[in-house]
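First to last, the protein sequences are chains A, B, C, D, E and F.
Quick note on numbering: the first sequence equals residues 1 to 246 in my numbering.
Quick note on numbering: the second sequence equals residues 1 to 246 in my numbering.
Quick note on numbering: the third sequence equals residues 1 to 246 in my numbering.
Quick note on numbering: the fourth sequence equals residues 1 to 246 in my numbering.
Quick note on numbering: the fifth sequence equals residues 1 to 246 in my numbering.
Quick note on numbering: the sixth sequence equals residues 1 to 246 in my numbering.
What the hints contain is simulated information worked out from the structure, not anything from laboratory work.
Among the hints, erroneous ones may be present.
To be verified - Here chain D is said to cover these stretches of chain C; the calculated rule only asks that three of the stretch's residues, wherever they fall, bring their Cβ under 8 Å from a Cβ of chain D:
(1) 10 to 17
(2) 31 to 42
(3) 50 to 63
(4) 93 to 104
(5) 177 to 190
Stated by the list, open to error - Part of the chain C face toward chain D, derived, beta carbon under 10 Å:
(6) 2
(7) 7
(8) 71
(9) 77
(10) 78
(11) 81
(12) 83
(13) 84
(14) 198
(15) 200
(16) 206
(17) 210
Every residue, glycine too, gets a C-beta built ideally from N, C-alpha and C.
There are 6 protein chains.
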Amino acid sequence: MLLHLSTWPEVETYLNTSKGIIIPIGSTEQHGPTGLIGTDAICAEAIAKGVGAATHALVGPTINVGMALHHTAFPGSMSLRPSTLILVIRDSLTALAKAGFRRFFFLNGHGGNIATLKAAFAETYDALDPLTEGDPLRCTVGNWFMSRSVYTLAKELYGDQEGSHATPSEVALTQYVYPEAIKTAPLSPTVNSGHPIYGAAEFRRNYPDGRMGSNPALATPEHGQRLYEAAVKDLSKSYLEFLGRD
Amino acid sequence: MLLHLSTWPEVETYLNTSKGIIIPIGSTEQHGPTGLIGTDAICAEAIAKGVGAATHALVGPTINVGMALHHTAFPGSMSLRPSTLILVIRDSLTALAKAGFRRFFFLNGHGGNIATLKAAFAETYDALDPLTEGDPLRCTVGNWFMSRSVYTLAKELYGDQEGSHATPSEVALTQYVYPEAIKTAPLSPTVNSGHPIYGAAEFRRNYPDGRMGSNPALATPEHGQRLYEAAVKDLSKSYLEFLGRD
Amino acid sequence: MLLHLSTWPEVETYLNTSKGIIIPIGSTEQHGPTGLIGTDAICAEAIAKGVGAATHALVGPTINVGMALHHTAFPGSMSLRPSTLILVIRDSLTALAKAGFRRFFFLNGHGGNIATLKAAFAETYDALDPLTEGDPLRCTVGNWFMSRSVYTLAKELYGDQEGSHATPSEVALTQYVYPEAIKTAPLSPTVNSGHPIYGAAEFRRNYPDGRMGSNPALATPEHGQRLYEAAVKDLSKSYLEFLGRD
Amino acid sequence: MLLHLSTWPEVETYLNTSKGIIIPIGSTEQHGPTGLIGTDAICAEAIAKGVGAATHALVGPTINVGMALHHTAFPGSMSLRPSTLILVIRDSLTALAKAGFRRFFFLNGHGGNIATLKAAFAETYDALDPLTEGDPLRCTVGNWFMSRSVYTLAKELYGDQEGSHATPSEVALTQYVYPEAIKTAPLSPTVNSGHPIYGAAEFRRNYPDGRMGSNPALATPEHGQRLYEAAVKDLSKSYLEFLGRD
Amino acid sequence: MLLHLSTWPEVETYLNTSKGIIIPIGSTEQHGPTGLIGTDAICAEAIAKGVGAATHALVGPTINVGMALHHTAFPGSMSLRPSTLILVIRDSLTALAKAGFRRFFFLNGHGGNIATLKAAFAETYDALDPLTEGDPLRCTVGNWFMSRSVYTLAKELYGDQEGSHATPSEVALTQYVYPEAIKTAPLSPTVNSGHPIYGAAEFRRNYPDGRMGSNPALATPEHGQRLYEAAVKDLSKSYLEFLGRD
Amino acid sequence: MLLHLSTWPEVETYLNTSKGIIIPIGSTEQHGPTGLIGTDAICAEAIAKGVGAATHALVGPTINVGMALHHTAFPGSMSLRPSTLILVIRDSLTALAKAGFRRFFFLNGHGGNIATLKAAFAETYDALDPLTEGDPLRCTVGNWFMSRSVYTLAKELYGDQEGSHATPSEVALTQYVYPEAIKTAPLSPTVNSGHPIYGAAEFRRNYPDGRMGSNPALATPEHGQRLYEAAVKDLSKSYLEFLGRD
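Next up, chain A with everything else stripped away, as it sits in the complex (with noise of 0.2 Å):
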């Protein structure tokens, strides 16, 4: 159930039977030569929405920009300071703790926004606590690409190649959901990884072409199938277990 394809009484009717909410949480930033921007988002969005439809939980809009600043000297990428996403995640879940949310299981696809989210986490806690007093909010960051499953399939698929940045199984995935955007160039042989990651400039100086040890060329869609599924059922048993919790 989509928030979006959702009119307010079927919410309202929603309430009487769960208190919980999805949000996918992506990224707008490059993913080397052959990686589409919106991966990040692609991929939180099409999860979230398997695993909504597994255990019949609304799914809310996507974030579609996130923590991104040390990508921010590809062309293309955009961020949210963190600053600025602790104030939209805070303002976001306001209005649906007015309306008697209490669980928000943020489905992350991007490695940059964990940080940030935990931090906004602890600020909504505290900022909500006088609205919520007596039944207060939880929430919790659901990674994807950190599901034990799709690890597995991951490794087992790419091995060494998987790399942690524009991975061959987050292309895999979007190839997936949108095979008329494969795209191809070419991609040298050796590429970086192992640099911590500092500022935007420094990042593209050790990361020439967007890629962090990753070699995105073995991706194909029915990899990127399984993958989604793989990260369907890990994070929908996840999300069920989120709520359950006492």
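Dock chains B, C, D, E and F against the given chain A, drawing on the hints supplied.
This is chains B, C, D, E and F only, laid out in the frame that chain A set:
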């Protein structure tokens, strides 16, 4: 050309011929008993894609949550505060401006966003001035529902029953885009109108089912298609004029 | 009744019969070669006093500096950023709301303030909601230069030479209020108009002497008096309607 | 020379001979049973105009609402929070600094503003440093009620009955400026003094009619004139010294 | 009793008999060629511990970095902006207020903190008012270097060579606390004084070695002990008076 | 070399050979019935001094209050909000970066700080980019309790009774540093573990005495010394690697 379905080298190439980008902005808010909560985002995104196709313009990711504080007494509505939305606009444009973009056309689906967008533009010009000196940014809002052809067609189709929120024209457009999500519900024959908009509680008191003077039961997917085409035509012209201004 | 010339017990008494207050807001910005930098504040304050006298309303202190970032390439202009002006409005209303005021009528002298004021109202309703629950605030903007009688009279007096900034009508009104400060300077017979407003540098490039399509040389103090009286009449009616709304 | 009664070319000319500007800052707060709510703004503005006339200095628009949170339990008081006032000061100086102003003399009518003004100066030096490098800003506060001549005269006229808020000297000065707004009310012969200032509720509990150790019934317009002249003399000297410092 | 060396049940017990806490605040800033960069924090912390021991008060953790923007042209200096320090004070008091603390005595080692602390107190009273209604917070600053006994002793020991920054008295106090960190360096016999403080670059130009009119070569650890004892005596009295006020 | 026990000329000299600085960051929060509220700050500061001595690095002042909102239902806990801590980090680094520092190693004693620190680093790189262009900043977090040797030793000493908050290893380390402040109290033999962390009220409900799965009664000062030495060894290596990276 969609930013989310492009790679960074493709964006780099695009910047050789254009400094313009279209950014759809919607809202996540109640649209009466039968209107989709995502109506404003759905319309903005669909029309932006149409305009992008017609004008060979790059279309950025949709801002799904806008300024809808006055709708937040209805379950399922979400909102950023104006001060947060200003930061979102400013941050979102920063990396694009560093990359060379200079013309930002916000294709807007929600009247409640207009004031904050205008405030955000002023704030952004000022904040990014040191970054862009000598070649400053320009931003504009294109409101599809206020374009001449759309306005004329809506009047012709619905007359006074168009109203000003949860209108048959926006509902029709979502029916055209998502025919699988057409909703029906009994609508009271009388509907309030004319109350000024203040806070969320007053809004709901004045407009108990969320509609403002509208009869969305008149909407059809066929109307939606005609409205869509009218909007794409008008806003493509607006976009090209915006790019071409000296 | 002016807040600044009242005592707190007088305000306490006033609150027994009215919850309304008029707050003049102007700007401190260039108004062409002959217009006063304080034009917008002078007009707003003078008309606010007139409306206060006509309607027995309390008139608060003038907000002298508004949102005029686009004028800041001319010496003597001052501006708040929109995000700052939002905080000023919010803070300014907080103590008044605690004291019992509920109807805030901003008598506005500057078009550039309108968007930010509307954003500020939404932000303020939300922020002060815990303070005023059950008896919420209402805010509105009354733009004297857009009132029907003023608009009609300005058209009649100046036709197309009214323009849209440093207009003869606003200059006339300041001449009526401060006849000792009537300025003259050679004005080029041609004057630019029609350029959209972006940042400060572009504004000055497009409007090199600060006028936007206007011929302020047509202004006279007598016109100013007529415009003042038209504005007071119209806005007194607006204020009383605002108070009387259910 | 008043900024509000000047044109931008006049300001441009002024900047050829001086980089200094006087900015009156007051407050909108209770001043006891007979003192005007605008007392601090009225005094600051009147004296600023006097100093401007005496020293040929430009006088900017009055900041009417200051930091008066502790007075907000009395109806009619208004306040900015300190963090907001810091932003107001910073923003207000930005465009003036871009235009070439370098010496900002805040003529202050309210003790409660002093701490925040000093904080704001530090914040502003830091924020505007990239704008002004090599030729930095200087700001100072001139508190008329703490100038030597005023202090001496107030002691001579009122002795211990001067008190520290709603003082006969500030009331007298407003009587001189606005003789038509002289208020009378029964004043209890005993009046509290010596309580430190904490929040608004404690302030009102400690000072139930708003006076702090003062007897404003002693004020006369003639005293007001003498105090005004003493203030103008002292602060004109201060302003010139401030300009002349190396 | 030091908060950092206590357990939460010990704090719970403490709250049965006192609602007061002492919070040392210093700065991290240059103190001339021989003064320690941590001078202000070292003095504030040492004296706070002494006052805590003498009055059985709880002593919180030291705020090591204060408002020292004007010292930041010297290497090793650090500063918060005033607006940040206001947030730090507000946040720091929030949880303590929720736990029941009501009297906050800031033992301050740095003149540059005073204005921002006062601004922060006003901001905090306002922000925490909903939390503490009926039993509001009180905050005060105790500046050890301005206490009567310290002032008298410093005058007696150093006369005019006390100066106003990198003073022999504060250097002596650090020598008493950290005898292993006594520094020597050639000091020019003449030292500037009397320049007002504006931004960092001007400060360094006016005070090239960082001293303001002082001769820290006069300091001895023995002086430091006497100054320490004077400060503890005076501020213990101040703290108890602060607690005892009605 | 401690920044607080250094003079500015000493820092100037240090910068000739190193651009690195270690900044200890702790927290002020409950650590169970026997753990010190300052545990995280005490450990971070002690280990930072050890690492500084071993590597000839400069050690900055300790940030005593961190992000501990979830602990604030226990008396004596203090916290900054994440958005405030981001500003504190940004401000704290600004003047150091102006002075030439480029490598910031945060020696961290509190798991709850990690997410906000990472968010703060991204925010800071972006904010200080205009200041440091061509020679950008790098920041990293070294968490002593997560270093390999510490982890191994803690497992060896305490096995499952190490837990995850108020652990015997951190308690032991404080016992080694402050043997005079060893606390005892009856500890229930069973202790909760495994609950995710949400807001403060839930935390206290889940962990009623503040411990998370730990048995701090196992701690001894001798263990503390071994843990300290393990931490200093590991983090000295980390710091040097951080400095040496290209």
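Okay, the hints, checked on the actual structure:
| no. | hint | in the structure |
| --- | --- | --- |
| 1 | 10 to 17 | holds (count 4) |
| 2 | 31 to 42 | holds (count 10) |
| 3 | 50 to 63 | holds (count 4) |
| 4 | 93 to 104 | holds (count 6) |
| 5 | 177 to 190 | holds (count 4) |
| 6 | 2 | holds (7 Å) |
| 7 | 7 | holds (5 Å) |
| 8 | 71 | holds (8 Å) |
| 9 | 77 | holds (5 Å) |
| 10 | 78 | holds (5 Å) |
| 11 | 81 | holds (6 Å) |
| 12 | 83 | holds (8 Å) |
| 13 | 84 | holds (4 Å) |
| 14 | 198 | violated (16 Å) |
| 15 | 200 | holds (8 Å) |
| 16 | 206 | violated (16 Å) |
| 17 | 210 | holds (6 Å) |
Violated hints, in rising order: 14 and 16; the structure is consistent with all others.
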